Amino acid sequence: MDRPMFNPATYSMSHLVKERTRSLTMIVTISLTVAFLLLTSSLLFGVINEIGTSEKQGLLQGSIPGSIDMFETFQLDSELSERARNSLINYLMITSLIVFLVAFFIMYNTMAIAVKERRKEIGILRAVGFSTGEILKIFLVEGAMIGMISWIAALFLGTPFIVNLAAYLIERGDGGIFFVQPVIPPQLIAISLAVTLGLSLGSTYMAIIKPIRSSPVALMRTRI
Amino acid sequence: MDDGPFIKVDSVTKRYNMGHSTVNALNGMDLEIEEGEMVAIMGPSGSGKTTLLNMIGGLDSPDSGTIHIKGMEISSLNEGQRAQFRKNNVGFIFQFFNLIPSLTALENVLVPVMFDKDPPFERGVQLLERMGLKDRMGHIPGKLSGGERQRVAIARALINDPMLILADEPTGNIDSETAREIVSLFKELNDEGKTMLLATHDRIVAGRARSMIKVRDGHVVKGKAHSRSGMVHLSDEEKVKKKKRVVKG
Ligand SMILES: Nc1ncnc2c1ncn2[C@@H]1O[C@H](COP(=O)(O)OP(=O)(O)OP(=O)(O)O)[C@@H](O)[C@H]1O
Ligand SMILES: [Mg+2]
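Residue numbers (the working numbering), protein chains in the order written: chain C, -16 to 207; chain V, 6 to 254.
I should point out that these hints are in silico values taken from the structure, not numbers from a laboratory.
Note that the structure is a prediction, hence the values are computed from the model and not measured.
Just so it is clear, CB atoms sit at the ideal spot from N, CA and C, and this is done for glycine as well.
It is possible that some hints are incorrect.
Stated by the list, open to error - With beta-carbon atoms standing in for the labels, derived distance ranges:
#1 V:Glu182 / C:Leu84: 41 to 47 angstroms
#2 V:Ser150 / C:Lys120: 45 to 51 angstroms
#3 V:Asn178 / C:Asn92: 45 to 51 angstroms
#4 V:Arg221 / C:Arg196: 45 to 51 angstroms
What the hints assert, rightly or not - Only pairs whose alpha carbons sit at most 25 angstroms apart, straight line, appear in this in silico BS3-like list of lysine-lysine:
#5 V:Lys13 / V:Lys122
#6 C:Lys103 / V:Lys219
#7 C:Lys1 / C:Lys99
#8 V:Lys227 / C:Lys1
#9 V:Lys13 / V:Lys75
#10 V:Lys122 / V:Lys148
#11 V:Lys148 / V:Lys13
#12 V:Lys192 / V:Lys227
#13 C:Lys120 / C:Lys99
#14 V:Lys227 / V:Lys13
#15 C:Lys103 / V:Lys148
#16 V:Lys122 / V:Lys92
#17 C:Lys103 / C:Lys193
#18 C:Lys120 / C:Lys193
#19 V:Lys75 / V:Lys92
#20 V:Lys148 / C:Lys120
#21 V:Lys92 / C:Lys193
#22 C:Lys120 / V:Lys92
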């Protein structure tokens, strides 16, 4: 018999696969959120720096390039009044914040239900001698896996989806059938990774930290 | 330091608060058990057997009193130290097996050593082979019978080669034929030097242990007066009773 891989990472993986519906829900939630935040932040970037003028054709100006740099895509007319500009900045910031908070709330709830179902398992792990720190590690590894998959999904699926959706909505079908390939600038790639891990690891930590510290006996008495 | 008994439980009390009422799960529990013993703990439901095993295994800590294992006071350890103590010294076996459903038999056995730098994979395989589960290693618990699951749980309890095995109603969920096999296995382990404590309602299981104590209302009612080895062995009277039952059955 081959020596099978068995370590905290494969342990987490087997659980993510077993609970694939829930894993998928979390991945879709995070990746769409991150994609949306990528869109709003690139817009914000464009508005704040007033990049793009009328000669650079952007989505908001009604032309559809095949491949676009997200920083240059959603340009605004530099003629925009100071007041309109400020309202737009506020609007984008508040929308982003709300979307982030709602996503965090959904993630936290999903994680809390998952943890509740796994109280007994946590109790077993405690009984066989794991410290709370080691069990926390197991769950954070799981959260990180969800996060990394979501991040990749956000970059390659979520963002093209959100950007094209925005483009179609703006065009209202005038542009015919088209596909915009967003090019995400490196700064945004790094920031989106941080946001993704904040969502997945933050919600995991918040959902697990209290149950993990209850007495192993109480945890194992859980009937599910 | 190691001169005292292997396990020494001294005036241990444990109360549980259930809303507005409190339950005295352990009430002045005194107990001494020598290394290499195989002791059955019997008593009515709610008498404190599980609570006692949990205390001895460092799963829970007493409200008052002390517990020494091999001269080390475990009742005053903090949770982190108790986890370490459990990992190195105790193997737990439960009535409901407590396996992790998403993992295969072999993975379940390896769970306690998951974080080790070089997990004793071969030992896990050997243990399962010894349990007669050679061709069940890749099965998840859902695909195993009760007896097979319990044998996986026993292999898991043995992976770190603990000196102490605590089994709480180990045969409570398996048929009597398989129960017999499991008890034989326990006896083998005991012959190899492991100290075994079995909480059980099953008289057959209890009868095959080397000695027995009875608990009621959170304290020992029989077996407290220690023999030279620190334990009372089955009295002749009980052995006769047992024989009669066997003859009748
Ligand atoms: N975590 C807990 N919370 C509340 N009450 C508890 C807890 N653990 C045990 N008890 C109570 O303490 C008493 C002793 O329980 P324990 O489980 O030790 O008994 P037992 O002898 O193992 O019984 P059984 O044979 O039914 O398993 C019972 O009245 C039980 O309801
Ligand atoms: Mg019990």
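Now the hints, each set against the structure:
no. : hint                                    : verdict
1   : V:Glu182 / C:Leu84: 41 to 47 angstroms  : violated, 59 angstroms
2   : V:Ser150 / C:Lys120: 45 to 51 angstroms : violated, 34 angstroms
3   : V:Asn178 / C:Asn92: 45 to 51 angstroms  : violated, 34 angstroms
4   : V:Arg221 / C:Arg196: 45 to 51 angstroms : violated, 33 angstroms
5   : V:Lys13 / V:Lys122                      : violated, 34 angstroms
6   : C:Lys103 / V:Lys219                     : violated, 29 angstroms
7   : C:Lys1 / C:Lys99                        : holds, 16 angstroms
8   : V:Lys227 / C:Lys1                       : violated, 48 angstroms
9   : V:Lys13 / V:Lys75                       : holds, 8 angstroms
10  : V:Lys122 / V:Lys148                     : violated, 30 angstroms
11  : V:Lys148 / V:Lys13                      : violated, 40 angstroms
12  : V:Lys192 / V:Lys227                     : holds, 22 angstroms
13  : C:Lys120 / C:Lys99                      : holds, 17 angstroms
14  : V:Lys227 / V:Lys13                      : holds, 16 angstroms
15  : C:Lys103 / V:Lys148                     : holds, 20 angstroms
16  : V:Lys122 / V:Lys92                      : holds, 15 angstroms
17  : C:Lys103 / C:Lys193                     : holds, 14 angstroms
18  : C:Lys120 / C:Lys193                     : holds, 14 angstroms
19  : V:Lys75 / V:Lys92                       : holds, 16 angstroms
20  : V:Lys148 / C:Lys120                     : violated, 29 angstroms
21  : V:Lys92 / C:Lys193                      : holds, 22 angstroms
22  : C:Lys120 / V:Lys92                      : holds, 17 angstroms
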